[in-house]
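Student: Could you build the full structure based on these sequences and the hints that come with them?
So the chains spell out like this:
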Amino acid sequence: MKNIPAILLAGMFFFSMHGWAGNLDLATDLFEQGEWELCRRECRRALISEPRSTERFQLLEAMALICSGKNPTHAIQLLSPVIEANVDQEVTAIASYELGRLQWQLNAPEDALNSFEYAFASTTNKTLFLHASCSMFQLLKEHKTLEKGREALISQIQTSRSEWYGPLFSATAKPDPEKNQPQAPNWIVRFYRSQISPAIGSRCVLEPSCSEYFHQAYCKHGLKAAPMIADRFFREPELSNEKKDPVAMPSGQIRYRDPLENHDFWMKKK
Amino acid sequence: MNKFLLISLFTAALTVSASESTFHLAKELLDEGSYTLSAIEFRRFAMESEQRADQAGAYLFSSYAYLQNQDGRSSAEMNDRAEQADRDSVYINEHSLLSAESARIQNDTASALYFYDALAADSESADFQTFARRRSAAIHLSNLDFKAARSALELSPSDETLALEALETYMNGSDKSPKIGGLWGLIPGAGYWYSGEIANGFRSLILNSLFIYGMAHTAEEDQWGAFSIITFFEITWYSGSIYGGIDSAQRYNQERLHTALDAIEGDLSYQPKPDMVVPVFKLKIHF
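Protein chains in written order, with the working numbering: chain G, 1 to 270; chain W, 1 to 287.
Quick caveat, the hints were computed from the structure, so don't treat them as lab data. Check before you lean on any hint, since a few could be wrong.
[Unchecked claim] The list that follows gives simulated cross-link-like pairs (lysine-lysine, DSS-like), each with its CA atoms no further than 25 angstroms apart: (1) 179/W with 220/G; (2) 243/G with 176/W; (3) 179/W with 224/G; (4) 126/G with 141/G; (5) 176/W with 224/G; (6) 144/G with 174/G.
[What the hints assert, rightly or not] Chain W regions said to be covered by chain G (calculated; three or more residues, Cβ under 8 angstroms): (7) 44 to 57; (8) 261 to 269.
[Claimed, not checked] FRET-style restraints, in silico, Cβ to Cβ: (9) 70/G with 106/W: 24 to 32 angstroms; (10) 203/G with 84/W: 53 to 61 angstroms; (11) 70/G with 28/W: 25 to 33 angstroms; (12) 175/G with 268/W: 41 to 49 angstroms; (13) 70/G with 68/W: 22 to 30 angstroms; (14) 156/G with 51/W: 47 to 55 angstroms; (15) 225/W with 188/G: 15 to 23 angstroms; (16) 169/G with 228/W: 44 to 52 angstroms; (17) 125/G with 51/W: 29 to 37 angstroms; (18) 254/W with 74/G: 43 to 51 angstroms; (19) 145/W with 70/G: 44 to 52 angstroms.
Note that the structure is predicted; figures quoted are calculated from it, not measured. Quick reminder that beta carbons are idealized off the backbone N, C-alpha and C, glycines included.
Tutor: Have a look at this one:
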């Protein structure tokens, strides 16, 4: 009976290891599904509760952060210790490649080249090898000055050139954080929102508002947005009595749901 | 030896307790409508569980939660995992129903029909059969295959008089032609009137008339700057009138179809039986 505290401690340790630890398989699944935020949460849970295999979770969290297009500096902070720890050569190579992409994005080409070079030299994975070599090729093409004194590296890159394929070039092109961002409203919407709307107040009784509807229609269908917004003005529910799907707004105002999908379900996307 | 036994028992009890906590958390999240979080907790439970039966149940719960979130792809993936874990084929009906529903959400009507038909044929439960037949009839109706829709309803074990009446009403009615609506739209407002939207039509007519008058007046007065601005807006109103003629006809047809579908499907829903304990998955159908 005197060993009961030790038994309890052993049990608690087991409990903490297996009961609440984040799950690498689950985190990987979520990453593959494109659920970046949930993947990050799973990695964070693991990093708090699981002191082992930290670097895999850190790498996955950093990659999820990169894919979500948020805060590259924080992603660098996550990747750096993984590379420094160098526990698993393949994990370090992936981390180094991802770090290189971030450094390239943040306009640090020399650091990026060194990171790609490390990934290129240390990986045993063919896909990563090709990605690293193609990235270096494109980086050197963009920054010719970096070629000086790196003849050996360039000749090594050239040896893998025959295996590069079309999509590899776009996958390894300079990261553009703006690419996946939602399109900014065009000048008509910006002008209306900055100059007209503040003067006349929020008058639209439809949800989304007419300016938002026009923006969505313009992004999706281009110039067809003009007749679509005109049609919407004709369908003003205050006059036509078509008060369907009321929605209470946070301000207390009642609006009527009229999403773009209700009016373009029969149209082909641009 | 006793110490080892005591440690084993204690750790086993704690593991079960931790897994149960994960499962209960997942169910609570499901009940409060946090479907994605709930699906993930069910997945965690399944991945941590050693028992295949537990894994099958938890993956089915996860599939159900994803369905509630309209995520057909993840739901189908979880359902496949459940099927792999369900070696004893305890959940045949549940697999068919969830497969059909996830295919329906992904607009894969051929697969959805296949699974609904399989569910109707394999299930001994009248509730499952009725559910499958009604859903099947609704899909056939959406594909405008009236004969198949009627035969699906006739095969249903429940009384489908109202649904058959709705189907007849839909078949006897007629759709508005978007092309004719567009042509009527050349006369401002007439496109809307064609589909029965009288007030919208008048609004279109008034706005177009005002701007056409403005165009004529400014042209008469040789005010070409004002004429250009008014013409720009009038082109927008006029194109809106034509577009409105087409769109209102499309909306009219869609609403007619939805009225018939609502009558056929009614308040069809399903949810895990609330009295289920860890981690058995059984569905209860509601009409």
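Student: Verify the proposed pairing of residue 176/W with residue 224/G, using a straight-line Cα cut of 25 angstroms.
Tutor: holds, 22 angstroms
Student: Run the distance test for residue 179/W versus residue 220/G: straight-line Cα separation, threshold 25 angstroms.
Tutor: holds, 22 angstroms
Student: Please check whether residue 225/W and residue 188/G have a Cβ separation lying inside 15 to 23 angstroms.
Tutor: Since residue 225/W and residue 188/G have Cβ atoms about 20 angstroms apart, the given range 15 to 23 angstroms holds.
Student: So the hint says 53 to 61 angstroms: do the beta-carbon atoms of residue 203/G and residue 84/W match that?
Tutor: Taking Cβ atoms as reference, residue 203/G and residue 84/W lie about 56 angstroms apart, which means the hint holds.
Student: How does the stretch 261 to 269 of chain W fare against chain G when you require at least three residues with a CB closer than 8 angstroms, holds or violated?
Tutor: violated (count 0)
Student: That 29 to 37 angstroms hint for residue 125/G and residue 51/W (C-beta), does it hold up?
Tutor: Holds: the Cβ-Cβ distance is about 35 angstroms, inside 29 to 37 angstroms.
Student: For residue 70/G and residue 68/W, compare the CB-CB distance with the range 22 to 30 angstroms and indicate the outcome.
Tutor: holds, 28 angstroms
Student: Using C-beta distances, would you say chain G covers the stretch 44 to 57 of chain W, given that this needs three or more residues below 8 angstroms?
Tutor: As far as the stretch 44 to 57 of chain W goes, the hint holds, because 3 residues have Cβ atoms under 8 angstroms from chain G.
Student: Given a hinted range of 44 to 52 angstroms, is it respected by the beta-carbon distance of residue 169/G and residue 228/W?
Tutor: holds, 47 angstroms
Student: Residue 175/G and residue 268/W, beta-carbon distance inside 41 to 49 angstroms?
Tutor: Holds, at about 47 angstroms.
Student: Just tell me: holds or violated, for the beta carbon distance of residue 70/G and residue 28/W against 25 to 33 angstroms?
Tutor: Once the Cβ atoms are compared, 29 angstroms apart, the range 25 to 33 angstroms for residue 28/W and residue 70/G holds.
Student: Given the hinted pair residue 126/G and residue 141/G, is their alpha-carbon gap at most 25 angstroms?
Tutor: Holds - the C-alpha atoms of residue 141/G and residue 126/G are around 22 angstroms apart, at most 25 angstroms.
When held up to the earlier numbered hints, the structure conflicts with hint 8 and nothing else.
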